[in-house]
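**Student:** If you want the building blocks of each chain, they are given just below.
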Amino acid sequence: MKNIFDIYNNKKIILIFLFILNFYSNSTYAVKASGVLVAAKESRIQKVSIIEVRKIFIGLPASEPSGIRQPVINHSDNEVYQIFLKKVLRMTDKGYKRKLIKRIFRQGSEKIKTIYKKDELLEYLRENPDDVSFMSKENADNTAGIKVIQQLW
Amino acid sequence: MKIIEKIIIFILGIVPVINSYARADEMQISGFASVAAGKVVSGDQYLADFPKTGFYDTDVSFSPDTSLGIQTIAKVNTQTSFIIQVVSHGANNYEIDLDWAYVNFIINPEITLQAGRKRLPLYYYSDHFDIAYTYNWIRPPSDNYTWQITNYNGVSLVYEPNIGEWDALVNIYTGREDSQENELLSTLFASRVDETWKNMFGIVFELSKDWFDIRLTMMQGQLDRIIDDVKVEENIKQQFAGVSTNFFYESLSLLTEINRYERPASDIYVDTGMISIAYQINDITPHLTYSIFDQVPNAAGGDEEHSTRSIGLRWDFISNMALKIQYDRVEDKGQVISIVGDANLLSVSMDMVF
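Those protein sequence lines, which keep their order, are chains A and B.
Going by our numbering, 125 is the number at position 82 of the first sequence; the sequence numbering is gapless.
Going by our numbering, 201 is the number at position 154 of the second sequence; the sequence numbering is gapless.
Hints were generated in silico from the structure; no laboratory data involved.
There's no promise every hint is true.
Just a sample of chain A residues kept apart from chain B, beta carbon distances all over 10 Å, derived [unchecked claim]:
1) Ser86
2) Ala105
3) Gly138
4) Phe148
5) Gln150
6) Glu153
7) Lys190
Taking lysine-lysine and the DSBU-like style, the derived pairs with C-alpha atoms no more than 35 Å apart in a straight line are [stated by the list, open to error]:
8) A:Lys145 with B:Lys284
9) A:Lys180 with A:Lys156
10) A:Lys160 with A:Lys190
11) B:Lys284 with A:Lys161
12) A:Lys154 with B:Lys256
13) A:Lys142 with B:Lys86
14) B:Lys86 with A:Lys84
15) A:Lys84 with A:Lys161
16) B:Lys284 with A:Lys90
17) A:Lys142 with A:Lys156
18) A:Lys137 with B:Lys122
19) A:Lys142 with B:Lys256
20) A:Lys156 with A:Lys130
21) A:Lys145 with B:Lys86
22) B:Lys256 with A:Lys180
Just so you have them, the derived chain B footprint on chain A, three or more residues with Cβ under 8 Å [claimed, not checked]:
23) 89–101
24) 124–135
25) 139–146
Idealized CB from N, CA, C, for every residue including glycine.
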């Protein structure tokens, strides 16, 4: 009986441990997996809809009230970029590239700037307060000089 | 080597010079280039590019599919821009052509008005036909793209709304094109042919989301044709209609296109189509394609009919650049109108956008 009881207790402990581990890992993932639209701290850009965000990132002009001049693709964190493609743009990397190139040559759309280093992105946003980009919420919370415009996912 | 030298000089020389004078927020330079080589390995000739009459023969040739294009967008103000696209094709002896020259006016974020010279958006790949980087093949399936008029001068209205999770596009256009000594027709008739497509009115409707897109196209207008200074057709009504669908499932893509061209007064009815399947494995995309051109036989002896089976490989070896190899087998079944007979073509290309 004692052995059975021990196993039962051990099972409980393992289950509690797994539950706690799962809770923490999910919390950590939730922070990492949250993505936000950002701009320079001094930017006057107001909250915009996800549909508007999607539009400007596929090359359509921004609506006037949003105050957005142009978007910037943040390629400094590939994981966040891939989530942004999936959750906001709803397309693959190849599909997105193809769409942008087609828009440039078919409709004379402006090229969307891509930045591959975090420091460069921050410097660019500070110099261009009317432009927006995206990053993880965790990253945005720990970075000085930028503000969150909108939660994206 | 001359071709490659020209392209290198163009890219390394002219573009940075223009860029250095262009203020980033007022002018944008984009470009595309394809350097292709091919050889007919069975048969005599292969017509790779109908509109520009790009023929391969049994010698290695760089000309039929090699292209270079530069697009400049000059912003006049936040709503207005001027777009020019200059292209040079090997099939046209590297002459410089003005393919696009139009004013783009943004009425609101969803509606744009364009006026000037543009590509005629008949087929799915019409308006990015020359930008080979945007598709898997070395060239869009030849049987499907047998148009003699590729551009028009006119007005175009583009409406791009969102319908739920779908991106939509409606393009209404009207205009005309006068083609002096039309390349394709002059080659096929072995005489000077001047062709005019006028009173054109067309509509394109596109609906797309991540896994699927569909495109419907219709155009009607009138045609004038002069052969060796003799007017043989005038104010002849013509119609074009087509449907394209593309499916994307993870790494698999299935592309289809069917079109119908009619000129009842001349008893000309033509069906074209293609189906292509591709599977992307990391940076490599193998693909298989079947395309067909089928004219309904008429009393004048019109019986043009040809089909092509293609197998190819695309390798995205570096950002914005792709290497391609393709093998095409064309069967020319026309008895009266035979284009070049049966042939097999092996070709390679390097495509890029910048």
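**Student:** Determine for every hint whether it applies to the structure shown.
**Tutor:** Against the structure, the hints come out as follows:
| no. | hint | verdict |
| --- | --- | --- |
| 1 | Ser86 | 17 Å, holds |
| 2 | Ala105 | 7 Å, violated |
| 3 | Gly138 | 7 Å, violated |
| 4 | Phe148 | 6 Å, violated |
| 5 | Gln150 | 7 Å, violated |
| 6 | Glu153 | 6 Å, violated |
| 7 | Lys190 | 23 Å, holds |
| 8 | A:Lys145 with B:Lys284 | 31 Å, holds |
| 9 | A:Lys180 with A:Lys156 | 21 Å, holds |
| 10 | A:Lys160 with A:Lys190 | 18 Å, holds |
| 11 | B:Lys284 with A:Lys161 | 59 Å, violated |
| 12 | A:Lys154 with B:Lys256 | 21 Å, holds |
| 13 | A:Lys142 with B:Lys86 | 32 Å, holds |
| 14 | B:Lys86 with A:Lys84 | 59 Å, violated |
| 15 | A:Lys84 with A:Lys161 | 16 Å, holds |
| 16 | B:Lys284 with A:Lys90 | 52 Å, violated |
| 17 | A:Lys142 with A:Lys156 | 15 Å, holds |
| 18 | A:Lys137 with B:Lys122 | 28 Å, holds |
| 19 | A:Lys142 with B:Lys256 | 11 Å, holds |
| 20 | A:Lys156 with A:Lys130 | 20 Å, holds |
| 21 | A:Lys145 with B:Lys86 | 30 Å, holds |
| 22 | B:Lys256 with A:Lys180 | 27 Å, holds |
| 23 | 89–101 | holds (count 4) |
| 24 | 124–135 | holds (count 3) |
| 25 | 139–146 | holds (count 3) |
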